[in-house]
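Chemist: Protein chains in written order, with UniProt numbering: chain A, 1 to 476; chain B, 1 to 197.
Please note: incorrect hints may appear among the correct ones.
With beta-carbon atoms standing in for the labels, derived distance ranges [claimed, not checked]: (1) S212(A) to Q117(B): 37 to 45 Å; (2) T396(A) to T34(B): 23 to 31 Å; (3) A181(B) to D254(A): 21 to 29 Å; (4) D274(A) to G152(B): 43 to 51 Å; (5) E157(B) to T264(A): 30 to 38 Å; (6) A185(B) to P415(A): 57 to 65 Å; (7) K46(A) to R15(B): 34 to 42 Å; (8) A185(B) to R316(A): 50 to 58 Å; (9) E184(B) to A260(A): 39 to 47 Å; (10) T264(A) to E184(B): 53 to 61 Å; (11) E165(B) to E324(A): 24 to 32 Å; (12) K48(B) to R45(A): 30 to 38 Å; (13) E389(A) to S189(B): 31 to 39 Å.
DSS-like mimics (lysine-lysine), calculated; alpha carbons at most 27 Å apart, straight line [said to hold, decoys possible]: (14) K32(B) to K88(A); (15) K72(A) to K90(B); (16) K190(A) to K210(A); (17) K263(A) to K237(A); (18) K48(B) to K60(B); (19) K32(B) to K48(B); (20) K32(B) to K60(B); (21) K88(A) to K90(B); (22) K48(B) to K46(A); (23) K164(A) to K190(A); (24) K48(B) to K90(B); (25) K72(A) to K60(B); (26) K321(A) to K48(B); (27) K190(A) to K321(A); (28) K321(A) to K32(B); (29) K72(A) to K321(A); (30) K190(A) to K263(A); (31) K48(B) to K438(A); (32) K164(A) to K72(A); (33) K72(A) to K46(A); (34) K90(B) to K46(A); (35) K46(A) to K88(A); (36) K90(B) to K60(B).
Derived from the structure by calculation, the hints contain no laboratory data. Here the structure is a predicted model, which means the values were calculated and not measured. For every residue, glycine included, the Cβ atom is placed at its ideal position computed from N, Cα and C.
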Amino acid sequence: MGRTLAEKVWDDHVVRRAEGEPDLLFIDLHLLHEVTSPQAFDGLRKAGRRVRRTDLTIATEDHNTPTLDIDKPIADPVSRTQLETLRKNCAEFGVRLHPLGDVEQGVVHVVGPQLGLTQPGMTVVCGDSHTSTHGAFGALAFGIGTSQVEHVLATQTLPLAPFKTMAITVDGELPDGVTAKDLILAIIAKIGTGGGQGYVLEYRGSAIEKLSMEARMTVCNMSIEAGARAGMIAPDKTTFDYLQGRDHAPRDEDWDAAVAYWKTLHTDDDAVFDAEVVIDAAALTPFVTWGTNPGQGAPLSSQVPDPASYDDASERLAAEKALEYMGLTAGQPLREIGVDTVFVGSCTNGRIEDLRSAASILDGRSVADGVRMLVVPGSVRVALQAVAEGLDKVFTAAGAEWRHAGCSMCLGMNPDQLAPGERSASTSNRNFEGRQGKGGRTHLVSPQVAAATAVLGHLASPADLSDAAVATPAGV
Amino acid sequence: MEAFTTHTGRAVPLRRSNVDTDQIIPAHWLKKVTRDGFEDGLFEAWRKDPEFVLNQERHKGATVLVAGPDFGTGSSREHAVWALQNYGFKAVISSRFADIFRGNSLKNGLLTVVLPQETVEELQRLAETDPTAEVTVDLVARQVRAEGVTAGFELDENARWRLLEGLDDISLTLREEPAIAAFEANRPSFTPRTVVV
Ligand code: SF4
Numbered sequence: 001m002g003r004t005l006a007e008k009v010w011d012d013h014v015v016r017r018a019e020g021e022p023d024l025l026f027i028d029l030h031l032l033h034e035v036t037s038p039q040a041f042d043g044l045r046k047a048g049r050r051v052r053r054t055d056l057t058i059a060t061e062d063h064n065t066p067t068l069d070i071d072k073p074i075a076d077p078v079s080r081t082q083l084e085t086l087r088k089n090c091a092e093f094g095v096r097l098h099p100l101g102d103v104e105q106g107v108v109h110v111v112g113p114q115l116g117l118t119q120p121g122m123t124v125v126c127g128d129s130h131t132s133t134h135g136a137f138g139a140l141a142f143g144i145g146t147s148q149v150e151h152v153l154a155t156q157t158l159p160l161a162p163f164k165t166m167a168i169t170v171d172g173e174l175p176d177g178v179t180a181k182d183l184i185l186a187i188i189a190k191i192g193t194g195g196g197q198g199y200v201l202e203y204r205g206s207a208i209e210k211l212s213m214e215a216r217m218t219v220c221n222m223s224i225e226a227g228a229r230a231g232m233i234a235p236d237k238t239t240f241d242y243l244q245g246r247d248h249a250p251r252d253e254d255w256d257a258a259v260a261y262w263k264t265l266h267t268d269d270d271a272v273f274d275a276e277v278v279i280d281a282a283a284l285t286p287f288v289t290w291g292t293n294p295g296q297g298a299p300l301s302s303q304v305p306d307p308a309s310y311d312d313a314s315e316r317l318a319a320e321k322a323l324e325y326m327g328l329t330a331g332q333p334l335r336e337i338g339v340d341t342v343f344v345g346s347c348t349n350g351r352i353e354d355l356r357s358a359a360s361i362l363d364g365r366s367v368a369d370g371v372r373m374l375v376v377p378g379s380v381r382v383a384l385q386a387v388a389e390g391l392d393k394v395f396t397a398a399g400a401e402w403r404h405a406g407c408s409m410c411l412g413m414n415p416d417q418l419a420p421g422e423r424s425a426s427t428s429n430r431n432f433e434g435r436q437g438k439g440g441r442t443h444l445v446s447p448q449v450a451a452a453t454a455v456l457g458h459l460a461s462p463a464d465l466s467d468a469a470v471a472t473p474a475g476v
Numbered sequence: 001m002e003a004f005t006t007h008t009g010r011a012v013p014l015r016r017s018n019v020d021t022d023q024i025i026p027a028h029w030l031k032k033v034t035r036d037g038f039e040d041g042l043f044e045a046w047r048k049d050p051e052f053v054l055n056q057e058r059h060k061g062a063t064v065l066v067a068g069p070d071f072g073t074g075s076s077r078e079h080a081v082w083a084l085q086n087y088g089f090k091a092v093i094s095s096r097f098a099d100i101f102r103g104n105s106l107k108n109g110l111l112t113v114v115l116p117q118e119t120v121e122e123l124q125r126l127a128e129t130d131p132t133a134e135v136t137v138d139l140v141a142r143q144v145r146a147e148g149v150t151a152g153f154e155l156d157e158n159a160r161w162r163l164l165e166g167l168d169d170i171s172l173t174l175r176e177e178p179a180i181a182a183f184e185a186n187r188p189s190f191t192p193r194t195v196v197v
């Protein structure tokens, strides 16, 4: 019987297989950041162990880093300690690190792909659940806990229990103004936050094939929000074109050998998935979340749902609690929800295409009075590219704040946070209670919806702007 | 890791579904660089409410958390497990756990037990009506027992053996050194290395 993409990558990494035990898998790339690594390095030190493969390990600083005044000492002593601990650990164990201020610094899941370190058919791990992002290249990439970080540092392997496979087939053409973010939010709303549990998802079909690499990363990034172990997309010409010439991409004969191998990385025609979901791309519209988990989303053109409409008691209760926390009432049109803050950034939507699309909407328009808009590039390279294209000027001219690269308001570990009761439209991936700051209320949106929302001050899509409701300010 | 064989303690019901790790331990606690001292951060936002179940005097000292479905979703932070352990929990019972959380908990010796939703609710009702009622989580017999409840649970043999013996994964894997070295010797030359180019 044929094998799925995920099974092929798995099989190619089995170091040891024994009856009744999890397979021991080799790990090709281990990404580190300051939050989930200190206790792992500490464990190594206590046991007198070293990092087995420093040449397959790389670290960056992202979660705690400030996005303003980065040349000054970090004000929060605890954040500072965590960053200093990472620097000390990387120096002691010989791990390559891109610290704050370095040109390769950025959100760990933006940095790996842009360096060309993430390649098809690899196993990629990181002490961060959004490691699923790297699955966009046809890699088997998943988040791990700190004990596993220590395990990979010490052995470059992980014992892993088998997974099930789920095909998510998206055929047809995404309508204008509908993005990868809308697609993945719709998928999660359909299968639920637990729907992917135990599965590796494979996104396939004509609509997925048409997506750019960056859009594919947006989709795979949020696989974890459906509870999945990982998300993957078979590599194709788009993948190869993205990789060719990048710092760590193979060269010359290695490139040819790699491409020949990568071309074998697709699900065989006679392979069988454990579950299948089909989505019609043409039926999708801009999608936003109204609740406190990424599965609580709906088309922007619809209303806040009535909890009473849920048959399942626990879903009903969850919806009631979400509406209370979010300060919303059933039946309220989503378009009428006003926001205080708009955040464009994160490993979901902080890449150059995301900034371009937000900028194209803001160009010649301005952020509504009383709305604060933060644009935080996913990495320093993304920031430099945006500056080269003049996007930073577009953002600042519109009244948005152009910040330094990092995770920023995606999780509010640095000073970029929502105040209690404040409401945001955010291009990040989690709308959990308090995620962006204590008492903060988050609506997950695409970069386009974020930009249109910033202009109008309430949840909106670019189509809402098309009647030129917004006059071009004089002098622009 | 401490071995887990059987544990008997009082249970506390957490009637919420989809409790994500951001709720279990908020992000600002993740700045710590140690594995202990997370107990005060456990369910920090909810604990501000004096009515919250963990704040109720009658549930003080409970060691078994009986939670709603989809417990531990979201972020992979292992701190969520440490926070539950630092607070004093030895086992968590739910009808469904998020994968990463479950893996993390078993690695740290926090037993996560999957029971059918009806049984979970039965245990929650029991803890609500009689907070002094004891629940036994028996890994040897793979059974949860309480007044009126006897329920078997599944746990794969390997994970169970490691928990029962309190075995550390890394030393087990390091026994496979020859297999790892052999695998490394056969990796294709095009696989990337992180050394600066
Ligand atoms: S941007 Fe957000 S989701 Fe991505 S790694 Fe940073 S905190 Fe995690």
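Chemist: Work down the list of hints and note, for each, if the structure agrees.
Modeler: Results of checking the hints against the structure:
1. S212(A) to Q117(B): 37 to 45 Å: 42 Å, holds
2. T396(A) to T34(B): 23 to 31 Å: Hint violated: Cβ distance 41 Å, outside 23 to 31 Å.
3. A181(B) to D254(A): 21 to 29 Å: Given about 23 Å between the Cβ atoms, the range holds.
4. D274(A) to G152(B): 43 to 51 Å: 25 Å, violated
5. E157(B) to T264(A): 30 to 38 Å: 34 Å, holds
6. A185(B) to P415(A): 57 to 65 Å: 48 Å, violated
7. K46(A) to R15(B): 34 to 42 Å: This hint holds: roughly 40 Å between Cβ atoms.
8. A185(B) to R316(A): 50 to 58 Å: Since A185(B) and R316(A) have Cβ atoms about 57 Å apart, the given range 50 to 58 Å holds.
9. E184(B) to A260(A): 39 to 47 Å: Because 22 Å falls outside the window, the suggested range is violated.
10. T264(A) to E184(B): 53 to 61 Å: 22 Å, violated
11. E165(B) to E324(A): 24 to 32 Å: 46 Å, violated
12. K48(B) to R45(A): 30 to 38 Å: 37 Å, holds
13. E389(A) to S189(B): 31 to 39 Å: Since E389(A) and S189(B) have Cβ atoms about 37 Å apart, the given range 31 to 39 Å holds.
14. K32(B) to K88(A): 15 Å, holds
15. K72(A) to K90(B): Violated: K72(A) and K90(B) sit about 44 Å apart, past 27 Å.
16. K190(A) to K210(A): 22 Å, holds
17. K263(A) to K237(A): Holds, because 9 Å separates the two Cα atoms, which is no more than 27 Å.
18. K48(B) to K60(B): 16 Å, holds
19. K32(B) to K48(B): 21 Å, holds
20. K32(B) to K60(B): Holds, because 26 Å separates the two Cα atoms, which is no more than 27 Å.
21. K88(A) to K90(B): Violated - the C-alpha atoms of K90(B) and K88(A) are around 34 Å apart, more than 27 Å.
22. K48(B) to K46(A): 37 Å, violated
23. K164(A) to K190(A): OK: K164(A) and K190(A) at ~19 Å, within 27 Å.
24. K48(B) to K90(B): 23 Å, holds
25. K72(A) to K60(B): 45 Å, violated
26. K321(A) to K48(B): 16 Å, holds
27. K190(A) to K321(A): Since the Cα atoms of K190(A) and K321(A) sit roughly 20 Å apart, the hinted pair holds (cutoff 27 Å).
28. K321(A) to K32(B): 30 Å, violated
29. K72(A) to K321(A): Violated - the C-alpha atoms of K321(A) and K72(A) are around 41 Å apart, more than 27 Å.
30. K190(A) to K263(A): Outside the cut-off at roughly 31 Å; violated.
31. K48(B) to K438(A): Between K48(B) and K438(A) the Cα gap is close to 12 Å, so the pair holds against 27 Å.
32. K164(A) to K72(A): Measuring from Cα to Cα gives roughly 48 Å; hence the hint is violated.
33. K72(A) to K46(A): Since the Cα atoms of K72(A) and K46(A) sit roughly 33 Å apart, the hinted pair is violated (cutoff 27 Å).
34. K90(B) to K46(A): 25 Å, holds
35. K46(A) to K88(A): 15 Å, holds
36. K90(B) to K60(B): Since the Cα atoms of K90(B) and K60(B) sit roughly 14 Å apart, the hinted pair holds (cutoff 27 Å).
Violated hints, in rising order: 2, 4, 6, 9, 10, 11, 15, 21, 22, 25, 28, 29, 30, 32 and 33; the structure is consistent with all others.
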